[in-house]
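Colleague: Sequence:
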Amino acid sequence: MCTSSTRTSKGPCYLSAADDPVKSSAPCSSPHASYEGEEEKPSEKAADEKKPRKRKTESVKLTKAKKKKKECFVAQEKQDTAEDKGVEKPKKRRKKKNITDALAASEPKPGCAADLQELLRDHYADKLSIIELEELQLPDSCFLARNDLSHSLSSYLKEICPKWAKVQKNHAIKRSVVLLIICSSALRTIELIKQLTAFKGEGKVLKLFAKHIKVEEQMKLLAKGVAHIGVGTPGRIKALIEKDGLTLDALKYVVLDWNWRDQKLRRMVDIPEVKVDMLKLLETRIIMGCRAGTIKLGLF
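Residue numbering for the sequence shown follows the working numbering, beginning at 262 and increasing consecutively.
In short, the hints are calculated from the structure, not lab data.
A few of these clues could be false.
[Claimed, not checked] For lysine-lysine, the following PhoX-like pairs were computed, each having C-alpha atoms within a straight-line distance of at most 20 Å:
id, residue 1, residue 2
1, 472, 499
2, 525, 541
3, 481, 435
4, 557, 472
5, 461, 424
6, 525, 435
[To be verified] Label pairs and their in silico Cβ distance ranges:
id, residue 1, residue 2, range
7, 533, 451, 16 to 26 Å
8, 390, 426, 40 to 50 Å
9, 476, 434, 25 to 35 Å
Glycine included, each C-beta is placed from N, C-alpha and C at the ideal position.
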């Protein structure tokens with residue numbers, strides 16, 4: 262029976278190319294074809310799995326290295342811009358040397374007349390006129406022999422005042438002393454009074470400092486009897502002079518405890534408040550007595 266779609270009513274039946282199994286080029290529609298197609302898919306997946314994959318660690322390292330390079334370039338650009346703008350780099354602070362360190366490294370030098378003259382000139386340069394500064398200048402004749410750091414207090418006083426026994430016998434004025442020793446503190450005052458035993462003889466010594474002793478008590482002691490030597494701090498001695506508790510009528514010798522140093526290696530002139538009091542004390546009437554020739558000045 263002819264199944265062709267192109268048949269005529271009378272003629273023989275012809276098969277088309279699509280109906281001819283031999284001449285047809287269409288793929289076979291057998292059940293085996295579908296199985297072969299399904300077997301090919303897993304083989305493609307296996308091929309994909311066999312391909313080498315890039316390690317994540319290598320990529321992470323590369324990205325970090327790139328970031329570091331970028332940061333370096335950015336830092337260099339910032340430095341260049343700062344230098345172009347003229348911004349100075351912060352300087353390292355140097356450790357300041359203390360007075361004790363500087364003095365410990367240096368050799369001790371005995372004080373001389375030029376040191377006191379320079380101290381007076383530097384202190385009053387901005388405060389006094391030229392004429393007033395000239396009035397504060399001390400003549401070389403008013404200075405006693407200086408201490409060469411080999412003397413004790415008694416041996417130094419014996420050198421500058423060889424006729425002390427005669428001087429103390431002739432002294433009979435109350436509220437005044439013949440010898441005035443000026444130092445930096447109360448403890449130093451007591452120490453110096455102990456060193457006077459070999460020199461003072463029968464002379465009377467007074468402590469003239471502010472610690473535990475009122476000004477009124479010291480004024481009573483000065484008015485009560487004759488004192489030959491006064492040892493104390495410049496602040497208290499100046500206060501006694503201002504209140505007329507101490508006069509300079511019998512004063513012949515003034516000794517400054519110039520070379521002695523405390524635990525911090527400071528001299529009397531290295532302590533600001535003591536230095537100011539000492540200069541004010543010298544300014545009152547001592548410099549006038551030195552210029553007149555009635556008072557001699559020594560640096561111990």
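Colleague: Tell me if the straight-line CA distance from residue 461 to residue 424 falls inside 20 Å.
Modeller: holds (12 Å)
Colleague: Mind checking the hinted window 40 to 50 Å against the Cβ distance between residue 390 and residue 426?
Modeller: At 45 Å between Cβs, range holds.
Colleague: Below or equal to 20 Å on CA atoms is what counts here, so check residue 481 against residue 435.
Modeller: holds (11 Å)
Colleague: Is it true that the CA of residue 525 sits at most 20 Å from the CA of residue 435?
Modeller: violated (38 Å)
Colleague: Can the restraint linking residue 525 and residue 541 be considered satisfied, given a maximum Cα separation of 20 Å?
Modeller: violated (24 Å)
Colleague: Given the hint that residue 557 pairs with residue 472, does the C-alpha gap stay at or below 20 Å?
Modeller: Not satisfied, since the Cα-Cα distance of roughly 28 Å exceeds 20 Å.
Colleague: Please work out if residue 472 and residue 499 have their alpha carbons no farther apart than 20 Å.
Modeller: Within the cut-off at roughly 15 Å; holds.
Colleague: Could you check the hint for me, namely that residue 533 and residue 451 are 16 to 26 Å apart, CB to CB?
Modeller: Cβ of residue 533 to Cβ of residue 451: about 23 Å, so the range 16 to 26 Å holds.
Colleague: Hint says 25 to 35 Å; check whether the CB-CB distance for residue 476 and residue 434 agrees.
Modeller: Violated: the Cβ-Cβ distance is about 20 Å, outside 25 to 35 Å.
Going down the numbered hints, you'll see the structure goes against 2, 4, 6, 9, while the others check out.
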